[in-house]
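For the protein sequence lines, the chains are E and G, in the order given.
If you're matching positions, the first sequence starts at 1 in this note's numbering and goes up one per residue.
If you're matching positions, the second sequence starts at 1 in this note's numbering and goes up one per residue.
Simulated from the structure, these hints should not be mistaken for laboratory data.
Even for Gly, the Cβ is constructed at its ideal location relative to N, Cα and C.
It is possible that some hints are incorrect.
On the chain G side, residues computed to face chain E include the following (Cβ under 10 Å) [what the hints assert, rightly or not]:
#1 Tyr21
#2 Val24
#3 Gly72
#4 Ser74
#5 Ile75
#6 Gly77
#7 Glu81
#8 Ala84
#9 Arg114
#10 Ala118
#11 Gly119
#12 Trp126
#13 Arg193
Covered stretches of chain E, going by a simulated chain G footprint (3 or more residues, C-beta under 8 Å) [claimed, not checked]:
#14 160-171
#15 174-180
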Amino acid sequence: MSWLQSIIDALALGSQLALVAMGIGLVFGVLRVINFAQGELITAGAYALLLTNDLPVAVSIIVCFAVVIAFSLAMEFAYRPLRRVTPAAALVATFAVSFTLQSIALLVWGSQGEAINFLPKLNQAVEVGDLRIRWVTIATIGVGALLLAAMALFLSRTDLGLGMRAAAADFQTARVLGVRAKRVIVLAFVLAGILTACVTLLVAVQNPLATPNYGFFFVIPGLVGVVVGGMDRLVAATAGGFVVGFATSFVADRIPPDSRAFLTSYIFGFVIVVLLLRPNGLFGRRRGAERL
Amino acid sequence: MAATEPAPVAALEIENLEVRYGSVRAVRGVSFRAERGSVVGLIGPNGAGKTTTLRSIMGIVPSRSGDVRLAGRSIVGAPSEQIARLGIALVPEGRHIYGEFSVEENLRLGLFGRESRAGAEEALAWVSELFPVVSRFATRPAGELSGGQQQQLAIARALVADPTVLLLDEPTLGLAPSVVQSLFGTLTEIRARGVTILLVEQRAQLTVAFADRTHVMRNGELVATLAPSDAEDVERITAAYFGQ
Numbered sequence: 001m002s003w004l005q006s007i008i009d010a011l012a013l014g015s016q017l018a019l020v021a022m023g024i025g026l027v028f029g030v031l032r033v034i035n036f037a038q039g040e041l042i043t044a045g046a047y048a049l050l051l052t053n054d055l056p057v058a059v060s061i062i063v064c065f066a067v068v069i070a071f072s073l074a075m076e077f078a079y080r081p082l083r084r085v086t087p088a089a090a091l092v093a094t095f096a097v098s099f100t101l102q103s104i105a106l107l108v109w110g111s112q113g114e115a116i117n118f119l120p121k122l123n124q125a126v127e128v129g130d131l132r133i134r135w136v137t138i139a140t141i142g143v144g145a146l147l148l149a150a151m152a153l154f155l156s157r158t159d160l161g162l163g164m165r166a167a168a169a170d171f172q173t174a175r176v177l178g179v180r181a182k183r184v185i186v187l188a189f190v191l192a193g194i195l196t197a198c199v200t201l202l203v204a205v206q207n208p209l210a211t212p213n214y215g216f217f218f219v220i221p222g223l224v225g226v227v228v229g230g231m232d233r234l235v236a237a238t239a240g241g242f243v244v245g246f247a248t249s250f251v252a253d254r255i256p257p258d259s260r261a262f263l264t265s266y267i268f269g270f271v272i273v274v275l276l277l278r279p280n281g282l283f284g285r286r287r288g289a290e291r292l
Numbered sequence: 001m002a003a004t005e006p007a008p009v010a011a012l013e014i015e016n017l018e019v020r021y022g023s024v025r026a027v028r029g030v031s032f033r034a035e036r037g038s039v040v041g042l043i044g045p046n047g048a049g050k051t052t053t054l055r056s057i058m059g060i061v062p063s064r065s066g067d068v069r070l071a072g073r074s075i076v077g078a079p080s081e082q083i084a085r086l087g088i089a090l091v092p093e094g095r096h097i098y099g100e101f102s103v104e105e106n107l108r109l110g111l112f113g114r115e116s117r118a119g120a121e122e123a124l125a126w127v128s129e130l131f132p133v134v135s136r137f138a139t140r141p142a143g144e145l146s147g148g149q150q151q152q153l154a155i156a157r158a159l160v161a162d163p164t165v166l167l168l169d170e171p172t173l174g175l176a177p178s179v180v181q182s183l184f185g186t187l188t189e190i191r192a193r194g195v196t197i198l199l200v201e202q203r204a205q206l207t208v209a210f211a212d213r214t215h216v217m218r219n220g221e222l223v224a225t226l227a228p229s230d231a232e233d234v235e236r237i238t239a240a241y242f243g244q
């Protein structure tokens, strides 16, 4: 496999995990809680696609967005009491939500998995010289770049985005300045829902078997990316997601096939080294935010 | 006998304010008022409860009992963002500017404290005139400004919200004496616009001389009130401050 092929594949996974990490970072910024149940949003979206297998693609997409955003808002509502508990208790609570949703999916659909029929033609490849690029890879890189650019514009050019960045950097000071806390939190969950719905559509093309833990294992590398990048800055978390996605795919492509079983070990070894050298992440602030 | 005229409604009125951190009574039955356009000083040793009083007024820490009234309206229990929009702005100790944001973005954040954007341009023009540094370094990351410039930015950010009451928590902390003088000059201009100022300070003599009246806090209580005429009476200030 050529280096360029590896880089293109890595860009696709990097883009996906950057979107996942941004969603996690948005919620973490306003709640200071890592939402372990973010993966269940992907699972919910996958089952929404499954249930609309026989309907037009446009309807499937709309239903997927509606379901994922609704679940995200439901999580916002469920997490409201967590604003008054310790971070450790909040973390455990998000685990509980994650496993509860997985269990419900297990009860309803079983563990075998059911096939999603969503734009399977996007798995076909185009050949450019030695390169063999699937349409979904192109779509993933394109959608990722577009969404990240749109989010960057929203956050840097609009008042609402400025308020959200301020809340993520120092929530208490933002409130004292008049930034409406509840509105910012709801907006963070809606945006996280939109990003996750887009990721769901892309993942469903590549992995069309909906299972109860469909999103859980996909989101874990995204969470790792948030930690590696730096949790206290949205751009750092997003970049961390991209780095972990890119590195995972690139290393997987370049190592001998019989070493791929150890890929996760390599990635987590890399994470341990990063956190030992830079406890606040590759792109995080060197010191913690002061309290007002 | 002529009826006594009712006292005009104060811009800010604190009545029997009680704040606790667990079992510790940080603020004990504090009462004072500030008329519109006045400057009220709050001095006292570290741990006296000055900052906690400001944080409680701003809704950051809940009060156990008592009342805080803004222009006669109770704001106890309101969230900080609502209190900001009602017209109280806090310049916190340590400034809490957003160091990675540009100076201009920090100023725009202050606009969130306005009920509407009407008049925002005038407010921005006024603070730019008051603190030229905010327009001179508009695009620079705020974290690159000097301590004095960051303090100016923090006050400018509070003022663009057009507050009726400005709470200042140790604004001169860590500033050179010349910058301190300049800052107090600016506070005079702010006061002339009709803004009520509640000034928490460690520089006792300067505060007593500048404020219309200065309350001394110790162990969570108001223990003395000083007038500008007491500014030269160092013994009296020291006695009130340290309780000798």
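For this structure, which hints from the list above don't hold up? 1, 2, 3, 4, 5, 6, 10, 11, 12 and 13
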